[in-house]
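In this note's numbering, each number is its position in the sequence shown, counted from 1, plus 2.
Because the hints were derived from the structure by calculation, they are not lab data.
Even for Gly, the Cβ is constructed at its ideal location relative to N, Cα and C.
One should not assume that every hint holds.
Cut-off 25 Å, straight-line C-alpha distance, at most; resulting in silico cross-link-like pairs (SDA-like, lysine to any residue) [stated by the list, open to error]:
1. K216 to P199
2. K228 to L291
3. K228 to A247
Restraint-style ranges between C-beta atoms, simulated for each label pair [to be verified]:
4. Y268 to N41: 19 to 29 Å
5. T292 to N37: 45 to 55 Å
6. G59 to D163: 24 to 34 Å
7. M30 to H252: 39 to 49 Å
8. V220 to I164: 11 to 21 Å
9. P218 to E33: 18 to 28 Å
10. E161 to N5: 13 to 23 Å
11. N91 to E227: 15 to 25 Å
12. G271 to N52: 31 to 41 Å
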Amino acid sequence: MRNSFAKAVITQCNQEEYFFLTGDLGFMALEEVQNSFQNRFINAGVAEQNMVGVAAGLAQEGFKVFVYSIAPFCYARPFEQIRNDICLNNLPVCLVGNGGGYAYGHMGPTHHALEDCAAMNALGVRVLVPAFNEDISVMLNELSAPTYLRLGYDVRPKETDIFEYAAWREILQGKRGAIAALGPLAGLAWQALLDIPVNDRPSVWAVTEFDETKIPTVFWKQIAEKPLFVIEEHVAAGGLGMHLALAMAHHKIQTSDFIHRYALRYPTGRFGSQEFHRVQCGLDAKGILTMITGATYGS
């Protein structure tokens, strides 16, 4: 998604009010952003805490600022600066974390972002997790407050159309409950269930924001007394599953089953590709299909 992000930034944000800061990253992706922004593009070096402080200073002067890095270096290393400099002053800084979840695979746990959404939600940062490349341009339309943009890979089925953007979108219809999939996992669930008859599968919902008020009524109707599956490449604590469970309590919604698949960190103590870790967590296409077919459905 980083190439789609770069194109959207150039198209929509190449204006005098925007600055772009990177932590010495962006080879083969941000060159055109640099050319477009010129002196408003700053390579802050491997100094993420300082980079966030500089971004806050620019925002205090009236600018909107992007801060780009590998996801854990964007939210974890400068956590105090995000809290004190950006959030306490409610500044329009967009933290762009590339490679959410296990995306940086073989580079190991220091490069994985498994608790990023929880950490940013806890600070009151608006968390955006695009499911598809087209989502990004819509998300960049409003950057008036602290924001965390978590980039991954668009893995939807080939030659498929994307519905108009919404924080909750039904991308595949079904008659047996629903799957709520965070960000790019929606495309994976779409792939996994595409060939199952509509009467035998749950609907697939792409979830890209954590705002409870944006959950549509039709979703609540689909899961009432039926199974709900939640999948996310994020730890259980503070993730989509916990947010959705709280929302269900608020709306007094009961399901026949609540099945939650999430990042298990490192159950074998070994590290590998993103696909390797997804398989371990049951978050690959086969694991998702097995989860659905193995569920006990109510009437």
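Hint check results:
1. Taking the CA atoms of K216 and P199, the gap is near 28 Å; set against the 25 Å cutoff, the hint is violated.
2. The straight-line distance between the Cα atoms of K228 and L291 is roughly 17 Å, inside the 25 Å bound, and the hint therefore holds.
3. Restraint check for K228 and A247: the C-alpha separation of about 14 Å stays at or below 25 Å, so the hint holds.
4. About 43 Å separates the C-beta atoms of Y268 and N41, a value inconsistent with the hinted range of 19 to 29 Å.
5. The supplied range of 45 to 55 Å is met by T292 and N37, whose beta-carbon atoms lie about 47 Å from each other.
6. Between G59 and D163 the Cβ separation comes to about 43 Å, which falls outside the hinted range of 24 to 34 Å.
7. M30 and H252 have their C-beta atoms about 45 Å apart, which keeps the hinted 39 to 49 Å range intact.
8. Between V220 and I164, the C-beta spacing of about 18 Å keeps the proposed range 11 to 21 Å intact.
9. Distance hint check for P218 and E33: the Cβ-Cβ separation is about 40 Å, which falls outside the suggested range of 18 to 28 Å.
10. Roughly 19 Å separates the CB atoms of E161 and N5, a value that falls within the hinted 13 to 23 Å.
11. At about 46 Å, the beta-carbon gap between N91 and E227 misses the expected band of 15 to 25 Å.
12. A hinted range of 31 to 41 Å holds for the C-beta pair G271 and N52, which are about 34 Å apart.
When each numbered hint is compared with the structure, violations occur for hints 1, 4, 6, 9, 11.
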